[in-house]
Amino acid sequence: MGKYRCAILAGPGANCYRESRHAVATVGFDHKDVHIYDLLGGRDDINNYDFLFMQGGFGFGDYVRAGGIEGALIRRKLADQFRKFHGDGKIILAVCNGFQKAVQAGLLTSDDFLGESDITLYYNDCGDFRDYPVHLKHVNNGKCIFTRGIEDVRTFPMRNGQGKLITKGYYQGDRTIVKKLFANDQVVFTYTDPDGRVLEPYGDYRRSWDPTGSVLHIAGICDKEKGTVLGLMPHPEARIDPLTDENWTSERGPKSEGDGLIIFANAMDYCKSEL
Amino acid sequence: MSRKSEPDLSFTNFFDLDGPDLEKFSAAHGLSFLPGETKLVQEYLRGQMGHYRQAGTTVDADLIELSLEVNGQSWCEHSAHGTINGRIHLTDYSGSTVREHTYESMLKDTIMAATKKLNKPWVVMAFADDAGIIEFAKHGGREYGWSGKCESHNYPSGEGPFGGSNTCTGGVIRDPEATLSDVRANTFIPVLPDPDTPAEMVQRKPTMVYLLEINRGNQDYGNKMGVPTVMAATQYSKANANNPLVFGGSFGLVDLEYYRKTQEEGLDPGDVFILIGGRTGRDGIHGATLSSVGRKASEDRAQAVAGVQIGNPLEQQSWSYDLVERIFKERKAKYCQDFGGGGLSSSAFETAKRTGGIEIYIDNVRTKEGGMTNSEKVISESQERQAIVVAPDDVAYVLDVFSRHKIEAYPIGRMTDSGRAVVYNNEKDKKVLMDMDLDYLHGGKPKVEREATFHVKELPEPKIEVADDLTGQLTEVLGSFNVCSNEETQIRPFDHQVQGGTILPQLTGPGYDGPNDAVVYRPIPGCDKGWVISVYTDARKTLKHAGHGVSAIFDTAIRNNIVHGGNLDRMTIFDNWAMANCKGDPEELGRLAVSLQAFTDRMYEYDIPCDVGKDSMNNHWEDPNTGELYYIAPTLIAHTRSVIDDVGTCVSSFAKRPGNLVYAVGKTKPEMGGSQFYWIQDGSGETEPLAGWKYYHIDGYVGNGVPTIDGKRAGQMYRKLSKVITTGRLPKEKIVRAAKSVNHGGLGAAAALMAYGGRLGMELDISKLPAEEGMKDWQKMFSESLGRALLTVPESMSSRFEGEMGDYDIARIGTVTDSPYLTIYGNGGRKVVNSDINVLGEAWKAPLRGY
Numbered sequence: 553m554g555k556y557r558c559a560i561l562a563g564p565g566a567n568c569y570r571e572s573r574h575a576v577a578t579v580g581f582d583h584k585d586v587h588i589y590d591l592l593g594g595r596d597d598i599n600n601y602d603f604l605f606m607q608g609g610f611g612f613g614d615y616v617r618a619g620g621i622e623g624a625l626i627r628r629k630l631a632d633q634f635r636k637f638h639g640d641g642k643i644i645l646a647v648c649n650g651f652q653k654a655v656q657a658g659l660l661t662s663d664d665f666l667g668e669s670d671i672t673l674y675y676n677d678c679g680d681f682r683d684y685p686v687h688l689k690h691v692n693n694g695k696c697i698f699t700r701g702i703e704d705v706r707t708f709p710m711r712n713g714q715g716k717l718i719t720k721g722y723y724q725g726d727r728t729i730v731k732k733l734f735a736n737d738q739v740v741f742t743y744t745d746p747d748g749r750v751l752e753p754y755g756d757y758r759r760s761w762d763p764t765g766s767v768l769h770i771a772g773i774c775d776k777e778k779g780t781v782l783g784l785m786p787h788p789e790a791r792i793d794p795l796t797d798e799n800w801t802s803e804r805g806p807k808s809e810g811d812g813l814i815i816f817a818n819a820m821d822y823c824k825s826e827l
Numbered sequence: 006m007s008r009k010s011e012p013d014l015s016f017t018n019f020f021d022l023d024g025p026d027l028e029k030f031s032a033a034h035g036l037s038f039l040p041g042e043t044k045l046v047q048e049y050l051r052g053q054m055g056h057y058r059q060a061g062t063t064v065d066a067d068l069i070e071l072s073l074e075v076n077g078q079s080w081c082e083h084s085a086h087g088t089i090n091g092r093i094h095l096t097d098y099s100g101s102t103v104r105e106h107t108y109e110s111m112l113k114d115t116i117m118a119a120t121k122k123l124n125k126p127w128v129v130m131a132f133a134d135d136a137g138i139i140e141f142a143k144h145g146g147r148e149y150g151w152s153g154k155c156e157s158h159n160y161p162s163g164e165g166p167f168g169g170s171n172t173c174t175g176g177v178i179r180d181p182e183a184t185l186s187d188v189r190a191n192t193f194i195p196v197l198p199d200p201d202t203p204a205e206m207v208q209r210k211p212t213m214v215y216l217l218e219i220n221r222g223n224q225d226y227g228n229k230m231g232v233p234t235v236m237a238a239t240q241y242s243k244a245n246a247n248n249p250l251v252f253g254g255s256f257g258l259v260d261l262e263y264y265r266k267t268q269e270e271g272l273d274p275g276d277v278f279i280l281i282g283g284r285t286g287r288d289g290i291h292g293a294t295l296s297s298v299g300r301k302a303s304e305d306r307a308q309a310v311a312g313v314q315i316g317n318p319l320e321q322q323s324w325s326y327d328l329v330e331r332i333f334k335e336r337k338a339k340y341c342q343d344f345g346g347g348g349l350s351s352s353a354f355e356t357a358k359r360t361g362g363i364e365i366y367i368d369n370v371r372t373k374e375g376g377m378t379n380s381e382k383v384i385s386e387s388q389e390r391q392a393i394v395v396a397p398d399d400v401a402y403v404l405d406v407f408s409r410h411k412i413e414a415y416p417i418g419r420m421t422d423s424g425r426a427v428v429y430n431n432e433k434d435k436k437v438l439m440d441m442d443l444d445y446l447h448g449g450k451p452k453v454e455r456e457a458t459f460h461v462k463e464l465p466e467p468k469i470e471v472a473d474d475l476t477g478q479l480t481e482v483l484g485s486f487n488v489c490s491n492e493e494t495q496i497r498p499f500d501h502q503v504q505g506g507t508i509l510p511q512l513t514g515p516g517y518d519g520p521n522d523a524v525v526y527r528p529i530p531g532c533d534k535g536w537v538i539s540v541y542t543d544a545r546k547t548l549k550h551a552g553h554g555v556s557a558i559f560d561t562a563i564r565n566n567i568v569h570g571g572n573l574d575r576m577t578i579f580d581n582w583a584m585a586n587c588k589g590d591p592e593e594l595g596r597l598a599v600s601l602q603a604f605t606d607r608m609y610e611y612d613i614p615c616d617v618g619k620d621s622m623n624n625h626w627e628d629p630n631t632g633e634l635y636y637i638a639p640t641l642i643a644h645t646r647s648v649i650d651d652v653g654t655c656v657s658s659f660a661k662r663p664g665n666l667v668y669a670v671g672k673t674k675p676e677m678g679g680s681q682f683y684w685i686q687d688g689s690g691e692t693e694p695l696a697g698w699k700y701y702h703i704d705g706y707v708g709n710g711v712p713t714i715d716g717k718r719a720g721q722m723y724r725k726l727s728k729v730i731t732t733g734r735l736p737k738e739k740i741v742r743a744a745k746s747v748n749h750g751g752l753g754a755a756a757a758l759m760a761y762g763g764r765l766g767m768e769l770d771i772s773k774l775p776a777e778e779g780m781k782d783w784q785k786m787f788s789e790s791l792g793r794a795l796l797t798v799p800e801s802m803s804s805r806f807e808g809e810m811g812d813y814d815i816a817r818i819g820t821v822t823d824s825p826y827l828t829i830y831g832n833g834g835r836k837v838v839n840s841d842i843n844v845l846g847e848a849w850k851a852p853l854r855g856y
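Chains as they are written, first to last, in our numbering: chain R, 553 to 827; chain X, 6 to 856.
If you're looking for bench data, these hints aren't it; they were derived computationally from the structure.
Do not take every clue at face value.
With a Cα cut of at most 27 angstroms, we get these calculated BS3-like pairs of lysine-lysine [what the hints assert, rightly or not]:
#: 1; chain 1: X; residue 1: Lys143; chain 2: R; residue 2: Lys584
#: 2; chain 1: X; residue 1: Lys411; chain 2: X; residue 2: Lys358
#: 3; chain 1: R; residue 1: Lys584; chain 2: X; residue 2: Lys358
#: 4; chain 1: X; residue 1: Lys728; chain 2: R; residue 2: Lys807
#: 5; chain 1: R; residue 1: Lys584; chain 2: X; residue 2: Lys29
#: 6; chain 1: X; residue 1: Lys534; chain 2: R; residue 2: Lys584
#: 7; chain 1: X; residue 1: Lys358; chain 2: R; residue 2: Lys807
#: 8; chain 1: X; residue 1: Lys334; chain 2: X; residue 2: Lys411
#: 9; chain 1: R; residue 1: Lys584; chain 2: X; residue 2: Lys334
#: 10; chain 1: X; residue 1: Lys452; chain 2: R; residue 2: Lys629
#: 11; chain 1: R; residue 1: Lys555; chain 2: X; residue 2: Lys334
#: 12; chain 1: R; residue 1: Lys807; chain 2: X; residue 2: Lys534
#: 13; chain 1: X; residue 1: Lys358; chain 2: X; residue 2: Lys337
#: 14; chain 1: X; residue 1: Lys143; chain 2: X; residue 2: Lys411
Given the structure is predicted, the values throughout are model-derived calculations rather than measurements.
Pulled out of the complex, with its shape left as it was, chain R reads as follows (with noise of 0.2 angstroms):
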């Protein structure tokens, strides 16, 4: 068993913990799920574990809004135990529902952690879920700590509803939310074609190698002060054996390793030098 320890919140809706266990195991974390419901009970605390991983889901049926009511409880409940655990300068990855949490619980703005939220997730530009392969274009000038080291154009699977990024005021014409993230290096991957290049702004979803139609197609990005804390709709996690790629049938034949893996590697990396 490795000396790190991984919580991967569970709780009512959270559905991807099969594939979460499996890419922190690869990598060599110990692991637990920690249920929501224990973690408010005080049968559990995060600052038992160094690394969170807030998989994806639906959490408590994203009937309110995607992420709203635990983002509110962590907000309301767990903000003494998120600021520490962030403070020691653990590290927290947000994948899809979980970047949703993240997101409404104010962990990611451009401004403090745990402040008000001043970018949210909405309903794709497709109108509906879809799991679909996207390509990301690693952006980040190296806060993040999780993407150190990306230089090509990673393919993982998006599967949402609601993953279209937006910051605050920006269909108002105010810019400032979003120039503040690119100014902070918060930005961490965009989406892109296959071959890397820049997509258009607008496009038919259909055709777009970006369904969600996020502002600047921005797929994920990191806190301001540590870059510790990493949120992104597309599943890495989904991308850790080769053979989970749609296309390692191709002539090419499989990767050496998924393309998620370098993330938790980098997590695993950071652990063993900093905590």
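Dock chain X against the given chain R, drawing on the hints supplied.
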């Protein structure tokens, strides 16, 4: 007081009724007893009076109602499967001589007998419990089994398309879960009215409502459950205008040691029956009994709509997580039983068979609303409920696991060995509310005895006038609803990858849109073994000849599985039937009998067991104005599942590399009956109706030459082919680089989709095809003969391939090309197809885009 002409049909008056009034009574209370059965029930209950008197129980209206409801639930078609288990005398007029046969119990005599006789040692459980189980893999010191189940939810989906298909998915997941499985993968296959159905045929819900809502139902449930819908398909037919059908399959991983232990040790009297999950409400009252009769517009709307359950996937996801991850992993449940059709009545009294008795404390049942009667509590089919039986010592522990996560789980009964199903008010007072013999409930139903007949009619044939160039026809076939891409309606909206086990999804290739006919799934990370799952149906060929149509579906379902890496020596097939008026029409019952017989004959020929199935009878619609009945086509949804030793050896369908050779496997014959090519012909001039299928000709022509197959020979070939296909792991080691089963749309469609999927071209010469003498080009292009596949093979591997497959009908018919054109040459070297593959691909993708 009621007048003489209108008998008093209240429960208090039950014992005073007689003759036709009893049948009226059954219908008035939605009990769905068959003629004569109500009388037996009356006699039984009358005989119980002494028993009740002795116990000091008053026989009042409530007791009568509860007893009748429970009796009705356990005897209805949905639960007892009276037709398929009935004594059926078949007179078959289809051959040169009249053949007569009596099935003592139709299903037992056919499919179940075959599975028993084939006696595969790796089949752990067949036709018992809630799912079939086969051995799967040994990994990490554990032995795993693979459970599977198929389900239909036709009646509720016709009434409430979203709710019906929503709870179909929820329900089918609970089935394998009840065999202590961790459910990993789903399939979803509706049979819907086609989008072009003329408005005058629609008497129920608009066609588009069915199309959208039925798919959305599965999307909502499957995605939220985190169970990937690994394979989805739809068949369209105007015959389903008022009778949409919804089928689902579900597959799980079983800890075999635990499962076997629970089977061997069984349950003990005193064990506690615990209800987990959702509350009991008034939704789904009479779902099982209503689905056991045909549909007509005049029936009570309120009653019909109340029969549709309301799904809540979040509830099921929450308790499933704890049930599987804690209770099953810690081996605390001794038995698990889902709440399906019939609700608590069926769940509890089925479980009672295990010890020979049960007592239920009905006051414990928590309800969604106040004022529910005891009968309502017992027969409600509210969703998201699962029952487990645990040893008394474990009860506190199990309840704590759930309560920590705010899930309702509470004891509602105890196992006994009294031979009786008893309902008390609560455990303390033990006021008897119902008390019946288990033997009577499960064995008292008189055997259904019916006459069945089978005829095959000569159907009109279209006059085919085609030009030399078949590109137009090919484009039209590709764009026809039963061939075209379901990417936008089903594959993208359904999460088919969640939990990370999907290895070969339904769509692969550079554009992520080349269709595979089966999917490959790896349930255990780090273990190379995997599941190959395929599901197939055809709603056309059974119209001409139920038996031949069923054989065609059977063969294709197996072949779809084989071409992507399936293994016929570790394969089972599921039979999932939907028929029309089996109760009232001997001819329809004959079609069912012939279908079952054909299925069974093919099982022996291919040497493949069937381990689980499901049947749904009486899917017909009565026109409220004319009283005319509209039938669905005899429908078989065939799931095949097989174990692949190394998921890394599976093969996808898209063409990989220019220069690869294209081989056709299997012989093409002029078998156009029920083909897609006949479907696109204009049949509206035809008037001769088939009984019950007034509008069959609106779907083009069916014709007569429905394909047939020598299953023995095909089985041998598939075994060989499977080995060749799974040879090698890396591209340079593979003999076969791409494989596609030739099914809907024939060879032309298969070639176009392989080429388009790989964004490469193909140059083919169909005069080289292994085919019967004298076939025309259009027949070779669009015939749907069975036993065929298209493969691409690297030139360096061609002699090896020909050596391996030399005993069978194979021919090299062309090559994969760099230029993106599909070019096909026919007889005399004439070019019969020449088209940009992107044009063909667009024709294939466009029809359902935007729905």
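Hint by hint, here is what the structure shows:
Under the criterion of a C-alpha separation no larger than 27 angstroms, the hint pairing X:Lys143 with R:Lys584 is consistent with the structure, at around 24 angstroms. A C-alpha spacing of about 32 angstroms is found between X:Lys411 and X:Lys358, which places the hinted pair above 27 angstroms, so the restraint is violated. A threshold of 27 angstroms between alpha carbons decides the hint, and for R:Lys584 with X:Lys358 the separation of about 39 angstroms lies outside it, so the pair is violated. Proposed proximity of X:Lys728 and R:Lys807 is supported: the alpha carbons are some 25 angstroms apart, at most 27 angstroms.
Using a Cα cut-off of 27 angstroms, the hinted pair R:Lys584 and X:Lys29 is violated, with the two alpha carbons roughly 60 angstroms apart. Annotation: proposed proximity of X:Lys534 to R:Lys584 holds, straight-line Cα distance about 26 angstroms (limit 27 angstroms). A C-alpha spacing of about 53 angstroms is found between X:Lys358 and R:Lys807, which places the hinted pair above 27 angstroms, so the restraint is violated. Between X:Lys334 and X:Lys411, the direct Cα distance comes to roughly 20 angstroms. Compliance with the 27 angstroms bound is thereby established for this hinted pair.
Straight-line distance between C-alpha atoms of R:Lys584 and X:Lys334 comes to about 15 angstroms, which keeps the hinted pair within the 27 angstroms bound. For the hint linking X:Lys452 to R:Lys629, the alpha-carbon distance of about 62 angstroms lies beyond 27 angstroms, and the restraint is violated. Proposed proximity of R:Lys555 and X:Lys334 is supported: the alpha carbons are some 25 angstroms apart, at most 27 angstroms. Between R:Lys807 and X:Lys534, the direct Cα distance comes to roughly 20 angstroms. Compliance with the 27 angstroms bound is thereby established for this hinted pair.
This hinted pair checks out: X:Lys358 and X:Lys337 have alpha carbons roughly 20 angstroms apart, not beyond 27 angstroms. Annotation: proposed proximity of X:Lys143 to X:Lys411 is violated, straight-line Cα distance about 35 angstroms (limit 27 angstroms).
Violated hints, listed in ascending order, are 2, 3, 5, 7, 10 and 14; each of the other numbered hints is respected by the structure.
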